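Below are the chains, spelled out letter by letter.
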Amino acid sequence: MIEVEDVYFTYPNGVEALRGVSLKIAEGEFVAIMGQNGAGKTTLVKHFNGLLKPTKGRVLIDGVDTKQVSVAKLSRKVGFVFQNPDHQLFSETVEDEISFALKNFGFDNKVIGERVDWALNLLGLARYRKVSPFMLSGGERKRVALASVLAWDPKILILDEPTIGQDSYQKERLRQFIIQMNHQGKTVIIVTHDIEFVVECEPRVILMSNGKVIADGEARKVLTDPDLINKSSLILPEITQVFINLNDLGFPRDVMGVYEAKRLILERLKKT
Amino acid sequence: MAIIEAEDLTYTYPFAEKSAFKNLSLRIEKGEFVLLTGPSGCGKTTLCRCLNGLIPHFYGGRLEGKLTVAGLKTTEHTIYEIAKHVGLIFQNPENQLFALTVEKDVAFGLENLGLPREEIRKRVDWALKITGTYDLKYRAPFELSGGQQQRVAIASVLAMQPEIIVLDEPTSFLDPQSAKNILEVIHQLNRDLDITIILVEHRLDLASRYADRVIVMKDGQIVLDGEPRKVFLQEETKLIGVGIPKVVRLYISLRKEGVTLNRVPLSPKEASQSIAEALTFDRG
Amino acid sequence: MSVFDGLKFRNISSPIHEIDPRAKFIYVCVLFVTAVLFNQIIPLLFLFFLQVPLVIIAKVKREWLRLIKGSIFFAVLIFVMNVISLYFYGNYSSIAYVIEHSLAMTIRFIVLIESFSLFFLTTSPDMLGLSLEQIGVPYEFCFAFTTAIRFVPVLAEEAQIIIDAQKARGLELEGGNFIRRVKNYIPILIPLIVNAIRRSLELAEAMESRAWGASKKRTNLYVLKMKRRDYLFILLSFAMLLISIYVWMYVEIPFLYQILQI
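Chains as they are written, first to last, in this note's numbering: chain A, 1 to 272; chain B, 273 to 556; chain C, 557 to 818.
So here's chain A without its partners, still in its complex pose:
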């Protein structure tokens, strides 16, 4: 359970990145945090594993104030996958890479072996076990980074811009993977501005702009509101744009999916 209580955060260079953010994320939720670059999204999630501590207000992870615990300890519960895997990869083999965090957290060797096997299989990396991560393609390196975080089985998983540079097939696999993790009880938080991807997942959406939360609710309600979308440098989902244009013909505005769109149009055609 993540509780953010009226948090303000100012960077050392004077930029006020968070200006009074309050929210709660319950266990097992699936949340997308969206907004333009500079809105404060990444700053906010860095508070969840203690990388940043609030200048004012506080953040509680399972009731514990993040100011009182080290990043390492919080990371046991909160796994953070950074946007660029190359900011993490440094080991000689994929196997070493995945066991890095496990060693840091003090797991014993037997458990480490099991977890590494599990993570490799989960992400289809078994054949790269002894390969150097630097030899892998971009998409594969992203999977190694993900595997190295999942290996220690954190309760909460944060993914920072996981879809950048991925093609449709990779994105679809990622989407299914996230849903699988969520169904297994993990709290999943993604920071993204990939609207169509979020539309496919339909999570709870928290929209940020200029250091504040400007919307928080169902994807369907938040992402189909032209005002909110405008304020956050996003664009409306494709299908929503179509239906907003058709609004004066009596169609609803909050349509996001192709299937639903088809259904509504066919219904209307039957009537005429």
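I should point out that these hints are in silico values taken from the structure, not numbers from a laboratory. Since we're looking at a predicted model, the values are computed, not measured. Heads up, some of the hints might be wrong.
For the chain B half of the interface with chain A, some residues (derived, Cβ under 8 Å), not all of them [unchecked claim]:
no. : residue
1   : His474
2   : Val519
3   : Ala543
4   : Ser544
Just so it is clear, CB atoms sit at the ideal spot from N, CA and C, and this is done for glycine as well.
Please arrange chains B and C on chain A, whose structure you already have, making use of the hints.
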């Protein structure tokens, strides 16, 4: 006459076992706006690098076959000669800007060419104005947003007045609105200045409305080549790894139910127009 | 604001900023020679105070003071070392002499820091690169120089991201013995270096794509032209040098403590 002509092009990176592409043939006419897409690893990035001579001159490896760009055979001319005719924009905006001010960055290519100072000044201002970055002239690239950086990168290539501009996933790091803006700028370059555009993109929902032609690659081969409206309709299986716009998917699913819209939409606007017409309302 | 801000270019407009980097460089050299020339505290103090009005005209008081403050540690170190070596191993006439001499060495150090600071605070890296080019340094080096500066903030940011990413995997940077601490920096250094190399490859590609190497005679958008005030500045610097040499050769400079009758 074709401005880009590839005949039986085969390329293998140094130390690679498999070739990036094999026996690739392609003709692109002057002024075309070509959208190049395909799953990761299909060879589209490699093809881009061939178009301005980075392959083979910078990367080495083995390039077989013939590639003529703006009348120059790429194997027989240096990168800097080809650069006068072909500009290349990369994915990461940050690593294309190396000067301490926008002005000097945009001037960089022209300085390299040894053009007279007055000419450089004129072209820099011209390129900045077209890309809407004139008021960023004295700013440092580090301070700019991703969208601004990409526009400056385009300006710095544009200043060299190439006939062809190749862009390798320029919107990857940009937020949706910046992506939309950049694509508009690219469209303007094609429409107003008749520059041939080769755009590698995954975001077909935003880019396909500008393209005359879509080329889909997979595993180093060109598997589809034609007008977007036709290509997107073809055997969906071939489009694995290619995210066709949702409005096209809507068209296809409506057609399966017996409802055929008057044309394949490439943008939400076209889609709503076609749907409204199908409901026999006059939208004019 | 860190101590290093005293050596970073401050982008404001001032008469000192307008002076050609080459003229300023000559000034720094003259100051260096003069500072090394004298061992006595009076001329060194004079040199110290001479630069203060320049700092004020250049409007860089704050950053400059920051650097001076930051160098106090080394200043004290120099002072103490001089005192010790003079007292135990040198000839000296009195304690007052020891103190004054050591102080003089400290002031010399500070005078040098002062002048470097003033130079870097008022000279943009761009102009610096340009002046290097114009005095004949090959373009490749000047380019490498300005590009390196351009990427310093980027690399600093990236280093922070890498540190964060590894901390989020349980890496502890504090604590542990010396060997362990050094080992703990490997997960930070390797991504940093690998990314720097990748970045430079991308940069090289972009440079080639913009006709790098196309012409042996490269045009430069800006040209540094020495103006009257630059020549004046150089002239004044040389005048100071000549005066200093004259004084050094012919004038008997008293010790401060003698004047103050300590």
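Q | Hint validity - B/Ser544 Cβ closer than 8 Å to any chain A Cβ | A | Holds. Min distance 4 Å.
Q) Against chain A, with CB atoms and a cut of 8 Å, does the hint on B/Val519 hold up? A) holds, 6 Å
Q) Can B/His474 be said to touch chain A, with a Cβ gap under 8 Å? A) holds, 6 Å
Q: Closer than 8 Å between Cβ atoms is the bar; does B/Ala543 clear it against chain A? Give me holds or violated.
A: holds, 5 Å
Hint violations for this structure: none, all hints satisfied.
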